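Here the protein sequences line up with chains A and B, keeping their order. Residues 1249 to 1694 in the numbering used here are what the first sequence spells out, letter by letter. Residues 1249 to 1694 in the numbering used here are what the second sequence spells out, letter by letter.
Please note that the accuracy of each hint is not assured.
Since copy identity is lost for identical chains, a pair holds within one copy or between any two.
When the alpha-carbon atoms are kept at most 25 Å apart in a straight line, the in silico DMTMM-like pairs for lysine to aspartate or glutamate are as follows [what the hints assert, rightly or not]:
{"id": "1", "residue 1": "K1288", "residue 2": "D1583"}
{"id": "2", "residue 1": "K1288", "residue 2": "D1604"}
{"id": "3", "residue 1": "K1588", "residue 2": "E1431"}
{"id": "4", "residue 1": "K1588", "residue 2": "D1512"}
{"id": "5", "residue 1": "K1288", "residue 2": "D1630"}
{"id": "6", "residue 1": "K1288", "residue 2": "E1319"}
{"id": "7", "residue 1": "K1288", "residue 2": "D1570"}
{"id": "8", "residue 1": "K1288", "residue 2": "E1608"}
{"id": "9", "residue 1": "K1588", "residue 2": "E1608"}
{"id": "10", "residue 1": "K1588", "residue 2": "E1370"}
{"id": "11", "residue 1": "K1288", "residue 2": "D1602"}
{"id": "12", "residue 1": "K1288", "residue 2": "E1584"}
{"id": "13", "residue 1": "K1588", "residue 2": "E1442"}
{"id": "14", "residue 1": "K1288", "residue 2": "E1635"}
{"id": "15", "residue 1": "K1588", "residue 2": "E1490"}
{"id": "16", "residue 1": "K1588", "residue 2": "D1360"}
{"id": "17", "residue 1": "K1288", "residue 2": "D1303"}
{"id": "18", "residue 1": "K1288", "residue 2": "E1329"}
{"id": "19", "residue 1": "K1288", "residue 2": "D1366"}
{"id": "20", "residue 1": "K1288", "residue 2": "E1431"}
{"id": "21", "residue 1": "K1288", "residue 2": "D1335"}
Hints listed in this document are in silico derivations from the structure and should not be mistaken for laboratory results. The structure displayed is predicted, hence computed values, not measured ones.
Residue strings, one per chain:
Protein chains: 2
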Amino acid sequence: MTELLSAPSESTAAVAAPDTGGEPVEAIRPQVLAIARAAKVASRVLATLPRARKDAALNAMADALVAATEEILAANAVDLERGRSADMAAGLLDRLALDPGRIAAIAAALRDLAALPDPVGEVVRGSTLPNGLRLRQLRVPMGVVGMIYEARPNVTVDAAGLALKSGNAVILRGGSAAARSNEVIVGVLSRALEAQGLPGDAVQSIDRFGRTGGVALMQARGVVDVLVPRGGADLIQTVVRESSVPVIETGVGNCHVYVDAAADLDMALAIVMNSKTQRVGVCNAAETLLVHAQAAETFLPVVLRSLAEAGVVLHGDSQTADLAPHGVTIRPATDEDWAKEYLALEMAVRVVPDLDAAIEHIRTWSSGHTEAIVTSDLTAADRFVAELDSAAIMVNASTRFTDGGQFGLGAEIGISTQKLHARGPMGLAELTTTTWVVYGNGQVRA
Amino acid sequence: MTELLSAPSESTAAVAAPDTGGEPVEAIRPQVLAIARAAKVASRVLATLPRARKDAALNAMADALVAATEEILAANAVDLERGRSADMAAGLLDRLALDPGRIAAIAAALRDLAALPDPVGEVVRGSTLPNGLRLRQLRVPMGVVGMIYEARPNVTVDAAGLALKSGNAVILRGGSAAARSNEVIVGVLSRALEAQGLPGDAVQSIDRFGRTGGVALMQARGVVDVLVPRGGADLIQTVVRESSVPVIETGVGNCHVYVDAAADLDMALAIVMNSKTQRVGVCNAAETLLVHAQAAETFLPVVLRSLAEAGVVLHGDSQTADLAPHGVTIRPATDEDWAKEYLALEMAVRVVPDLDAAIEHIRTWSSGHTEAIVTSDLTAADRFVAELDSAAIMVNASTRFTDGGQFGLGAEIGISTQKLHARGPMGLAELTTTTWVVYGNGQVRA
């Protein structure tokens, strides 16, 4: 589930421009606000729901999805047909496509959520103050969570499940490419909630309002408590720029692997290959390889050949080009390469004179997601950890481990690359806030 | 210190409109960005500074302020003179005014900060994963913190101290009314840092660029990591609306006291009086009193008389007016009264038929800061705690306790009324983020 969730963008269609015939946001705002207010009402029920009822609802949602397989596949076929007519790329079509096995897997993810502990009600801090006041900081739901994402129907289900488990109502704005599939899925989930005696408005879609609906959602400050954009850099930047609702920025990963002078080069080779090729097109895949000058002569010919054999297109500086083995092509790397999240079998490679230069390169070009160092030098490892400014730092491990599932958080709604509220893999706890509850027996302030 | 910090706005002059002769933000942006980048460079030094050096610097800053008393008072006299010429209100002049005692108190607050534990480096979570990876979530500084606030020179020092202790560089935009005082203070602090071998750019002011500088700061996304507006509702809303830098919303408090049917009425009287009158003009003072209908006949005549005798102007619904004792004037309360943060000896009063009506009133009108219930009914207390959506809920205690100092957090940079990142009193920990550090010995992902 986490893999699917943290997969990157296929398009930025979700918010890039209105697709409702240029209808102004004012025309749609009242309807989106009505949906948001209904979500807020539903969220009050969810906020005080005991875990057992939420888990029962998650399992019921899973059952309902499996039971509705035929209906969902029929809707999905319509989306796929429209995608094919519009010459949608094969990879995008694959992400859009559902089959009985995929629906079963999506349902299983909901059952996995039911098995996770409830974040709501956790006592984060607590003490008795000198005046006898009993102070508790409790974890509570956010309220209404908005999701703006792209054409993958599984995200619809995952987001609904994560929101429910954390006691939040959710408003979904998926990509228009999956509109029919999402409509049917949201209907199934909403009815499953109602059958459990819970408000169906806890899971709502605004897909029918097109991209303008997404804009109205971004402006629903005060009703929508947080907005999580999921997708490519353009989508996320649009939401960050346009939204007055607080946003958690997710997922853009220009990740680096730095092979130090003191690296075990076999380990370095394994980590580079895994970070780059184990799965491309995900935000925690590596995009740039930095090699200490002292290791370059030995290491680069080996790693460049391995990468090339794995089909990786290579961009390098002149020293890298000089050390490339016969038959391995190195295209000249430009600043664009250092900045780019390839999300493909493509990598930029640079020889650096020392650790300082590696740190400077990463601080200049990184998106702040994940960086890895391969070294047996404790001082180098300590400095790499202390002097970078990214959500995750790996010492002698693959960048691919930055993931809620891998970190043992159980599930994730995205990987935050911002510093406020959540950083790195966001699990259920990151969909909550806290409240201070103070019990006294008449205390007043002197 | 917390009292001073959480005191509310005197004006919204800090950002409301450009005061640089209409100079466009483009003309100033390069200079503000240069300051922000210098702050970022300084922040890298602060991020890895051991606690002992930060504490030594805080004490040196305190010494330097006291040593510069004469220089600071001379600058302050200029600001005060300008304020008087502009017919500044007496309360605002008082907040602006410094004297040797106040400077000593401001310096003492820096020494208090030195005595607090260092939030940086705290291991928030950690575990060893099944594959042997050692996972640590560490508390780290944000980087560059921006403060936009109003004309109180003490905030300049407090913000600089809190930022330094949490390992952050700070960029200050104070109100123009305190411009001379702030300029001298920032110079003193910056030189004190340099004398300690630390970067003077860790504390910088952009006051010389006027309000347009504040706008440029709000647009410095990617360099400034977080912006904390401190002041009145207009200032805060302007920053929330205009800023592309992530904002932590602070301080607007439309706080409620609800006296339940099952309240101890002596306790209720003490809590209402303390919440409303112990200090007015602060965000945790109560603005509205709600009284259960069953308690109204006994309680209202007593509490209304006490409030009136304390000089509180009263606005009430018709039931309240009917129960007012002879000689106590009740003005008719309008929706404007329910919504208003008076910040003055003024209160809205309403009789509610039951707890549900009290909860609905608060959910409708509250700014989400602090609400108090007075009751001996456990079910009523539990429901009040569970069904409201505010940063702090008091059961049988004054609203005035919502304060970093009172909560034992040691110091606060403000009281957050938003749900993202920080909620309620914000101490040093809230000026940090976290990073995930993962140590392996060659692990790759299968």
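Exercise. First find the shortest C-alpha distance between K1288 and E1431 inside one copy, then the shortest across copies, and answer within, between, both or neither for a cut-off of 25 Å.
Key: Within one copy, since 21 Å is at most 25 Å while 46 Å is not.
Quiz item: How would you classify K1288 and E1319 at a CA-CA limit of 25 Å: within, between, both, or neither?
Solution: Result: close neither inside a copy nor across copies, 29 Å intra and 54 Å inter.
Practice problem: Evaluate K1288 and E1584 at a C-alpha cut-off of 25 Å and name the case that applies: within, between, both or neither. | Solution: Between copies only: 23 Å across chains, 44 Å inside a chain, cut-off 25 Å.
Quiz item: Quick one: K1288 to D1602, C-alpha cut-off 25 Å, is that within a copy, between copies, both, or neither?
Solution: between (54 Å within a copy, 22 Å between copies)
Exercise. Pop the pair K1288 and E1635 into one bin, within, between, both or neither, using alpha-carbon distances up to 25 Å.
Key: Only across copies: K1288 and E1635 sit 12 Å apart there, 42 Å inside one copy, limit 25 Å.
Quiz item: 25 Å Cα cut-off: does K1588 pair with E1608 within a copy, between copies, both or neither?
Solution: Answer is within: at 17 Å inside a copy they meet the 25 Å cutoff, but 51 Å across does not.
Self-check item: Within, between, both or neither: K1288, E1329 at alpha-carbon 25 Å
Solution: neither (36 Å within a copy, 51 Å between copies)
Quiz item: How would you label the pair K1288, D1630 (within, between, both, or neither) given a Cα cut-off of 25 Å?
Solution: Answer is between: at 21 Å across copies they meet the 25 Å cutoff, but 46 Å inside does not.
Self-check item: Intra- versus inter-subunit Cα pairing at 25 Å for K1588 with D1512
Solution: neither (28 Å within a copy, 66 Å between copies)
Quiz item: Is it within a copy, between copies, both, or neither that the alpha carbon of K1288 lies no farther than 25 Å from that of D1583?
Solution: For K1288 and D1583, only the inter-copy Cα distance (22 Å) is at most 25 Å; the intra-copy one is 46 Å.
Quiz item: Which holds for K1588 with D1360 at a C-alpha limit of 25 Å: within a copy, between copies, both or neither?
Solution: neither (35 Å within a copy, 46 Å between copies)
Quiz item: Is it within a copy, between copies, both, or neither that the alpha carbon of K1288 lies no farther than 25 Å from that of D1366?
Solution: within (20 Å within a copy, 39 Å between copies)
In this structure, the earlier hints numbered 3, 4, 6, 7, 10, 13, 16, 18 and 21 are contradicted, and the remaining ones agree with it.
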